[in-house]
Amino acid sequence: MDQKNLKDQLCVDLELNHLLDRNVSDLSGGELQRFAIAVAAMCDQVAYIFDEPSSYLDMKQRFKAAQVIRSLVAANREGIKIFLDGFVPTENLRFREDPLTFKVAETPQESAVETQIAGYRYPTMSKILGGFKLRVIEGIFTDSQIIVVLGENGTGKTTFIRLLAGLLKPDVIEGSDVEVPKFNISYKPQKLVPKSPSTVRDLIQKLIGDYDLDSQFISDVIKPLQIEQLMEKKVKSLCGGELQRVA
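Residues in the sequence shown are numbered consecutively from 1, following the UniProt record's numbering.
A few of these clues could be false.
Said to hold, decoys possible - Taking lysine-lysine pairs in the DSS-like style, the calculated list, with each CA pair at most 30 Å apart, reads: (1) Lys157 to Lys188; (2) Lys169 to Lys223; (3) Lys169 to Lys206; (4) Lys223 to Lys234; (5) Lys206 to Lys234; (6) Lys206 to Lys195; (7) Lys191 to Lys157.
Unchecked claim - Okay, the calculated beta carbon distance ranges per label pair: (8) Lys206 to Gln226: 44 to 52 Å; (9) Gln145 to Ala247: 21 to 29 Å; (10) Cys43 to Arg94: 27 to 35 Å; (11) Arg201 to Val24: 14 to 22 Å.
In short, the hints are calculated from the structure, not lab data. Positions of the beta carbon are idealized from the N, C-alpha and C atoms, including for glycine.
Starting from the given sequences, assemble the full structure and let the hints guide the process.
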C-alpha cells in the first residue's frame, strides 16, 4: 500500500503513530478521517480525489491535513485551497457569501436553586475501548444550558456523549453514589450508517409523529434544513450532506 515510502512521515504529520495498534473499527471519526487521508496519500497515482477531507477534524487537524494534501500537488500544477473566509485569492473566486466566524457569547450563570432543581449530575467514570481509555471527572449540567464540548480528535468527546446518552456503560464508577442520569435524550451520532428502507417522510413520521401539524417545528427545523425536497427520497439513497441534515 505504501507505494511512495511515505508511511513514516504521514504517521508523524497526521499524528497516527499512537493508533497503529488499534483496530480500524475502534477509531473515532477524526482518527478514521486522518487514516483515510494517509492511505490515499501513500498511493502513487496521477490524480487524488479527497471527498470531504475536513469532516470530523478540529482546526489543527484540518491545517495538517491540508498540508499533506497540498504536498501531493506537482510543482507545475495549481491546487485549490479552502479558506474559512470562503475566498480563493489566486482565482479571485468567492465560493461562500459570508466568511465562517466563531463567536463566543457570554451566558448567565445558573443560580444554586436552578442547578438544584434542574441539574443533572454524572459521576467520575472510566471507559476502555481497545487501547483507548477515557476517564471523566464528576460534573453537573442543567436543562437550560447549551454546552459545547471542545477538544482535539481522539480525546474521547464522542465516547463521553455516548456514556451520558446511555449508549455505552462505564467500566468503572469511582467512589460516588451518583449514577449516570437516565433521561430522554435525542442523539445524533457522529458516524451515520443509513439502514432504513423507508422514505425520509416515513422515517420522520415514525420517529416524530404528526410533525406536519406542528407549524413551529416546520418553520424552525424542516424549512431551515431544507428537508421538504428530500421527503420522497429513500434514506439509503441520500448523499452525505442530505443524510447529515435528516439526522
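Outcome of the hint check:
no. : hint                         : result
1   : Lys157 to Lys188             : 13 Å, holds
2   : Lys169 to Lys223             : 37 Å, violated
3   : Lys169 to Lys206             : 27 Å, holds
4   : Lys223 to Lys234             : 19 Å, holds
5   : Lys206 to Lys234             : 14 Å, holds
6   : Lys206 to Lys195             : 15 Å, holds
7   : Lys191 to Lys157             : 13 Å, holds
8   : Lys206 to Gln226: 44 to 52 Å : 21 Å, violated
9   : Gln145 to Ala247: 21 to 29 Å : 23 Å, holds
10  : Cys43 to Arg94: 27 to 35 Å   : 33 Å, holds
11  : Arg201 to Val24: 14 to 22 Å  : 35 Å, violated
In this structure, the hints that do not hold are numbers 2, 8 and 11, in rising order.
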